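Participant: Spelled out, the chains give:
2 protein chains.
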Amino acid sequence: MSKQAAETGAIRGSALIGAAEVTTEETFQAFDPATGAALEPRFAVAGTREVEAACALADAAFPSFSETDPETRAQVLEAAAAGIADLGPFLIERAMAETGLPRARLEGERARTVGQLRLFADLVRSGAWVRATIDPALPVRQPLPRPDLRRRHVAIGPVAVFGASNFPLAFSVAGGDTASALAAGCPVVVKGHPAHPGTGELVARALRAALAAAGLHAGVFSYLPGPSDALGAALVADPRIKAVGFTGSRGGGLALMRVAAGRPEPIPVYAEMSAVNPVLLLPGALRDRGTALATGFVQSLTLGAGQFCTNPGLLIGIAGPELDAFAEAAGAAIRASVPHTMLTADIRDRFQHAVAAMAARPGVTVAARGGSAGPGGAPAALLRTDARTFLADPALADEMFGPAAILVAAADMAELIRVIEALGGQLTATLHLDRADEHLAAGLVPLLARKAGRILANGWPTGVEVAPAMVHGGPFPATSDSRSTSVGTLAIERFLRPVCYQDLPDALLPAPLRPDNTWRLARRIDGVVNPPPGS
Amino acid sequence: MSKQAAETGAIRGSALIGAAEVTTEETFQAFDPATGAALEPRFAVAGTREVEAACALADAAFPSFSETDPETRAQVLEAAAAGIADLGPFLIERAMAETGLPRARLEGERARTVGQLRLFADLVRSGAWVRATIDPALPVRQPLPRPDLRRRHVAIGPVAVFGASNFPLAFSVAGGDTASALAAGCPVVVKGHPAHPGTGELVARALRAALAAAGLHAGVFSYLPGPSDALGAALVADPRIKAVGFTGSRGGGLALMRVAAGRPEPIPVYAEMSAVNPVLLLPGALRDRGTALATGFVQSLTLGAGQFCTNPGLLIGIAGPELDAFAEAAGAAIRASVPHTMLTADIRDRFQHAVAAMAARPGVTVAARGGSAGPGGAPAALLRTDARTFLADPALADEMFGPAAILVAAADMAELIRVIEALGGQLTATLHLDRADEHLAAGLVPLLARKAGRILANGWPTGVEVAPAMVHGGPFPATSDSRSTSVGTLAIERFLRPVCYQDLPDALLPAPLRPDNTWRLARRIDGVVNPPPGS
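Heads up: the sequence lines are chains A and B, in that order. Here the numbering used here is used: the first residue of the first sequence is 1, the next is one more, and so on. Here the numbering used here is used: the first residue of the second sequence is 1, the next is one more, and so on.
Check each hint, because a few of them may be wrong.
Pairs count within a copy or across copies, as identical chains cannot be separated in the list.
Unchecked claim - No more than 16 Å apart at the CA atoms, straight line, and that leaves these computed lysine to aspartate or glutamate pairs for EDC-like:
no., residue 1, residue 2
1, 451, 59
2, 451, 265
3, 451, 421
4, 451, 229
Source of the hints: derived by calculation from the structure; they are not laboratory data. Given the structure is predicted, the values throughout are model-derived calculations rather than measurements.
So that you can see chain A by itself, here it is in the shape it has in the complex (with noise of 0.2 Å):
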């Protein structure tokens, strides 16, 4: 571990409200979730002092923090990335301590994490995220001279991200809200999740050192734990506050929502909340290679406890023989499957009752359930249903966040077709087939782009590159905003805004906006992309 490592390397129970340690009367802690045991040290309770507190030095860090020139900001976000992973085998074996999950995933997703906010610093340099565009004045125009127009886009302002259960890492304290948020150029309030505050802090530490280190506001971050909602409704109240950045549960998205529009200047909510991701599996695909699909849908089913926004949830299928055979091979899967712990006891208690009142309601069987749990997990279950039975009963469509799907039979391709109809908004649609299917997918592509953000073929919506193309979104409710994504550099979008400088003296331009372009952008000059000067 290397002497920055030892410094911030160190959990010490407090919420970071810029360069400042904040103990508070009350605390909490976190517990093992494969033993119940709870964990050292005790956390502070952030209240609506610490949300105060955060939020004015957040909000005096902005002028200069919003204008900081891309290297600057790029190399702060490399800076944190490198941080985090020195934090070495302790921030791994602290997670798995506070999330039950294993080394090997953690170990990827902070992979992912460092990754992340290396490639937001790419994105930073690049400039492209200030879409640069210059309309130069043409004086002699008829019947009106036209100005100088000149855009760019800016950073909206302090921004509240909230830690997801799910990925301590990849989805909290330096996830994807907080590297697009920095990205813009927004200083970032992040409510911790209450399953990880260790984890958190360490990460949280290791990002205030790098903030720190290039000498930026401390101010431009700042670290809140604690267990009530009462916390995250108070940081979204704040005036302070311009955006929000949550992934979780539909019902804390959906009230985060509403704190928003409620405020006196309501602001945008990026949730991203839940979804059952519908996997089509088309009759050649069955046919075909119907076992091996069993396998790969059970892999991605149980992957991580089944604790993924993406996870498969709801499998649809025209009755017959084939699909019956996907089913028995699922259902000897899902049977040989070994429960993992899941992130909280909590969640195990929600997941079990979730599947147990699907596997209640009228014409819905238990086609198989997995073995039996071992310690803070819960066992897979596949659930079964036709058509007609999900199309009258809405809740067979909410999700039972852990390893459960249920698979629902269709007569044929047009209750198929009225199945997806009646879905909401989703994150992934997956659509298994063969060629031969493909004139029935031709058809299906288009109305499944109206559901998701993401299409698939042939694969499992499990596992969400972070890449310029990635949409991780997609229409109500499985997010609040349809317009955008939280994992890809489309990401930094969400929190930028344009504004256009029209006539002004050069000395008064912002830079990337002045002739001198010293920041070095391509810029759209008259309608036509300029390259980078020396480029």
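Once you have looked at the hints, place chain B on chain A.
Facilitator: Then chain B, alone, in the frame of chain A:
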């Protein structure tokens, strides 16, 4: 008048629901605001039945219209532009009668409307709005292969557009909201503004004829006249509507925001609501050309009877003899101003009430009133107060929709800055400065950029160029969504959402993402923009 114009150029008082003409038992009329006389004919009062029918058609039209190729959509926009131009003096004279606006202004507005449709046609053809992005598969990448990922932006769904009172052409039936929504591939249901139903119907018929001539689904466009707020609320509440474009009062915009946020599926509302568009008179500029500034200000203030979203309703300067001289010169120009007819009797009455209420507040004086009102007009007004009074009374920052402004005298630059900081979001902020003022202005520009969507130097905010770099937007309460503009090509992004396609067979990809690139788009492939084939 061409044959088509003769066919489309009749005002029958119908709602146009797709291809159907719908009349209702209940009717309403327009009034000439200069005389108060009712205008023929009587117009249908669209209600829930018409909303239902129009939205059902829009929903049915969406799948095909959203996937029309760029050339088809561009040609429709151009044909609509030609059809509106073709309506000739009949359109202008009807609009004059319904709005009291003078011929030259309406001819200019028609040119802008037609030019705007053509600009969006060019944009659609360019394909830039697709933002086609391809991350090719990396099958041998370690530790995991990368799938083939392809992203495009697609139409969000049917859009409700609300006509504005003050721009019967450019912000109404075929104005910027409709043009950008159609360009994006969204069917549009327009609620016409009840003050100019005849103008609205003429434009609606021209637009409908253009769509019909292209053989597109009739549900792509419907036009609903009606005087009630309930009509608008029913339209926004319809589950098939996926976004809203609105230009109007803050009360109206906030009401639609509430309806949209309260739906089972909340949707984005782009409401451009109100602003006072602060103008800062810096010391050097005041000293050197105070009288010229006063003349320019009053011209901008009284243009179109002050009925612009960007009307300069708030002036701020440092107290002293130069500011007094400016006030005196502006007062003289105000007193010499001749009132124009305002758009409606209701708008005139509310304007006069707003001025009287503002003038009656403690610490506010009337610096000047315009000459006695002509028919339907109201005298311009310049009020005055000091910054301390302004800061203590938030009501002084309210918009008076019409030719009135308040001049705020600050004791010094620190107080001037406090006045700016106290303001809500604005569409524009203007600096009048000389070379000697640049050091002061350098500190103000970033502050203004946090408050407004457009910053101007040494100009007046009325007059909004339709151009790529334009931003006609701004933080709440100027608009409901600071991430957007309602003028300029960027406006199309309000009606688009991203969709990612993962590992789809070529035949199932939408045209803009296929390897053969038949739309001939510039596409970002593996991070590098590839020019269109053959370019």
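Participant: Now look at each hint and say whether the structure bears it out.
Facilitator: Results for each hint:
| no. | hint | verdict |
| --- | --- | --- |
| 1 | 451 with 59 | between (37 Å within a copy, 14 Å between copies) |
| 2 | 451 with 265 | between (30 Å within a copy, 13 Å between copies) |
| 3 | 451 with 421 | within (8 Å within a copy, 43 Å between copies) |
| 4 | 451 with 229 | neither (30 Å within a copy, 31 Å between copies) |
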